[in-house]
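> Using the sequences provided together with the hints, build the complete structure.
Each chain, letter by letter, is given below.
2 protein chains.
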Amino acid sequence: MKPVQFNNTVLRDGHQSLAATRMTTAQMLPAAAILDEMGFSGLETWGGATIDSCLRFLGENPFDRLRALKKAAPKTPQLMLLRGQNIVQYTSFPDDVVEAFVRADAAAGQDIFRIFDALNDTRNLTTAIKTVKACGKHARGEICYTTSPVHTVEAFVKMGSALRDLGCDSIGIKDMSGVIAPRIAYDMVAQLRKKVGLPITLHTHDTAGLGAAAYLAAIDAGVDIVETSIAPFANGTAQPDTLRMLALLEGHERCPKFDLKKLAELREYFTGVYKELSKFTSPDNERVDSDTLIYQVPGGMLSNFRNQLKEQNMGDKLQEVMAEIFFVREALGWIPLVTPTSQIVGTQAMLNVKFGRWKTIAPAAADIALNKYGRPPGTVDAELLKLIFERTGAKPIEGRPADALSPRMPKLREELAAKNLPTDDEACVLHAMFPQEFAKLHAPKPAAVPTPLVSVTAPAPAAPAAPSAVSTAKAIGPLHRYRLNIGGQLSEASVEEIA
Amino acid sequence: MKPVQFNNTVLRDGHQSLAATRMTTAQMLPAAAILDEMGFSGLETWGGATIDSCLRFLGENPFDRLRALKKAAPKTPQLMLLRGQNIVQYTSFPDDVVEAFVRADAAAGQDIFRIFDALNDTRNLTTAIKTVKACGKHARGEICYTTSPVHTVEAFVKMGSALRDLGCDSIGIKDMSGVIAPRIAYDMVAQLRKKVGLPITLHTHDTAGLGAAAYLAAIDAGVDIVETSIAPFANGTAQPDTLRMLALLEGHERCPKFDLKKLAELREYFTGVYKELSKFTSPDNERVDSDTLIYQVPGGMLSNFRNQLKEQNMGDKLQEVMAEIFFVREALGWIPLVTPTSQIVGTQAMLNVKFGRWKTIAPAAADIALNKYGRPPGTVDAELLKLIFERTGAKPIEGRPADALSPRMPKLREELAAKNLPTDDEACVLHAMFPQEFAKLHAPKPAAVPTPLVSVTAPAPAAPAAPSAVSTAKAIGPLHRYRLNIGGQLSEASVEEIA
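Protein sequences, first through last, are from chains A and B. Just so we're aligned, residue 1209 is where the first sequence starts under our numbering, counting upward by one. Just so we're aligned, residue 1209 is where the second sequence starts under our numbering, counting upward by one.
When the alpha-carbon atoms are kept at most 30 Å apart in a straight line, the in silico DSBU-like pairs for lysine-lysine are as follows:
{"#": "1", "chain 1": "A", "residue 1": "Lys1487", "chain 2": "B", "residue 2": "Lys1483"}
{"#": "2", "chain 1": "A", "residue 1": "Lys1487", "chain 2": "B", "residue 2": "Lys1518"}
{"#": "3", "chain 1": "B", "residue 1": "Lys1487", "chain 2": "A", "residue 2": "Lys1525"}
{"#": "4", "chain 1": "B", "residue 1": "Lys1469", "chain 2": "A", "residue 2": "Lys1525"}
{"#": "5", "chain 1": "B", "residue 1": "Lys1469", "chain 2": "A", "residue 2": "Lys1518"}
{"#": "6", "chain 1": "A", "residue 1": "Lys1487", "chain 2": "B", "residue 2": "Lys1525"}
{"#": "7", "chain 1": "A", "residue 1": "Lys1653", "chain 2": "A", "residue 2": "Lys1278"}
The hints are simulated quantities; they were obtained by calculation from the structure and are not laboratory data.
Structural data, given as structure tokens:
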């Protein structure tokens, strides 16, 4: 068997999982050329939460980031993570927006598209796969791994065959919660190789301390690629460190060759970046924690969730809410937990604990029950469907969710023109997903806007929001954070516009 | 093959590796009965640094701890870690003291003795093994695992045969630095099974993130027992968590059965203890760090070392000193790094970096070169031996180090009698290793000593120590800690008598 190959995730999932997606393009560029020389089979640099973060927190145009990284690292294929019909947002978009996004991304230099659907409903992947292939790019169809009574190796392998038949170039096993046991990883890779016949990549997280061992088992079974990162943006809730994987493969016939001195250089460089981002990192995400094995919560979700519960004064309810997640998941047909379902299930579990089960049903949770995100893998709880019908009169839909959506591109272009903003495809798709943030990117900059992480001496006083009851309301504006220094006393404040 | 068995280390190596050995007997006892019911094949509760810590920091009689734990957990065999002729100290003791120690320990209830020598010189293990067998107890001969040009699987297996011929009941592979690669673990277990024929235990640390995968490989190869701990005293520089190992073994034909609810209870209990010991824990030890792969430094040493370098104002020299450790190790004949050689090599590396190579040779480093700790596995650097001879006139010794030591037990008894202290074997062996600390244990207690971790409203004012320069002085008394509440303002203070 050939040496296993490594894709490197430090520029996307590494910092998304361990530093709230806050690495800037400026922090990436000095490492890009070195990464390009290492012999990685791919660099994951884009997609997932990075588009949102570029616009919302970093004031960057995400397409400019991609072009800059392609220029700095032209040799190694670059990967993005695409949420199927949700693109990089939390709800379905019409086909013409998905197509425009993929075309714009391909034109900006994207090589490999990792395409997944949170419910593993392949109908939500067809448009993206078709467009990627039409652009002459590599479509990697992702199988979201999770455990439940309906998620068997056989079912996953069947999905692999469906992805092949849709035209995918390769198959990815996406273990976003880091819960795949080594024996299962072995079986799944072996079965997929035998029955699907496409190259296979395993992507996992070391959240529960299973990731590296799962990679080893997959390598034994013949996986083509595993995805690693660079410490300190590695291990814990992120991917296993590259140096660590090499050590684990010592004496293995499939151990690849890497320049250890260059790896040490990269590690040293990223240690500096990690320190710069210390406001967004936490030891809670660095250590392995097998609690995730019980609740099947993805690493990234776990870290955000701890903060959300604190904001809701529910910091002491973590265990209870985590247990409720299990219940909500079953009621919603055993959906995998991955963006956006992880957020939706998490919010509903929080509401159930706070107000009583199903006393308040979040609209997005109802939408899942009503098949508006696609077909759940299992059966939605009949009692829940009854409650939703009693309260809203809505019944489950049958067709593909996006079939109900009209084309939006012409309208998006009109809206942008009316605002005197660019109207090309890049602009349209960003405007479709992040209207305020995109407008903000093009707004004339006030002279003295403080850059993030620089302390301000006189923050603008924010009007106090209405107390309580607003805490679960949907944010409709960007979050502004201030570091206050009043007479030498430091404190922090945040202001966010809500619906 | 039978299910693999787990020894649990939370009461010894778990807190030694992650909380500076500071867990008190009072903190252990509430968990002991639950641990006893779980079906662990053994509980490691004693030895290593725990004796030192009991006397120096916790004001406890270590034999009383053992008796209390035996009473609370009578069913599961209890293990101790014994440093061969060094007992639980850093230098050789005469045979009669080693014999008295083992007899006293066996009488107090010890079941299994893990016996190792830092240099893997089996001549340093004979007295301990013989005495353990004479007491009718289980002798587990340990092979200290390390990597170097002279440490081959064949050499380790040869040592395994030697341990069997010395009368050991089982063989332990002691990977104190957590550097054993899964393939090597597999080969070593397979070879030891074939050529030695005794039950085998693998003990490792997850410091570099290899531990759990090494256990899996060893289990595939037929290892009888692996050693796990309970989170949060698990993973990182300690042993892999029990729940995590069970998850890794999902679907494996050798997966053992454990009560997951009871495991969750234990985890919850130890989470409270971990918080109580927060002064001694550090995120640096909780995350996996593959740096250790380059320098082969045991987890426990790495954490102590960071503090020592800071105290020496050499906090910025960590990388340089770690690289020098490699050089010193080669010069001293590729000795494994484990207590006490890890401390000795570490100190010498620090001296080399501070003053230049071999400008100052620590007496203990010279003793290693002169075979006073036993035979190093490789060849000692001839230039170094020449330097030592020029400065001290000393040449390497040939025989077993302890052969040069006269019996000490009668003298120890006299010394204790003269001080009006107990003169039984327990007293003699503790006095032999920790004279000041043992005397302190029996000193009349001042009336108003506050108990540790209990808040006091009016702490006794402590005379301020001389500023600076005292930081590296040896502590000769127990550490007293105070929580101060001054006008509602909480703070902490500690007082420790130093030499």
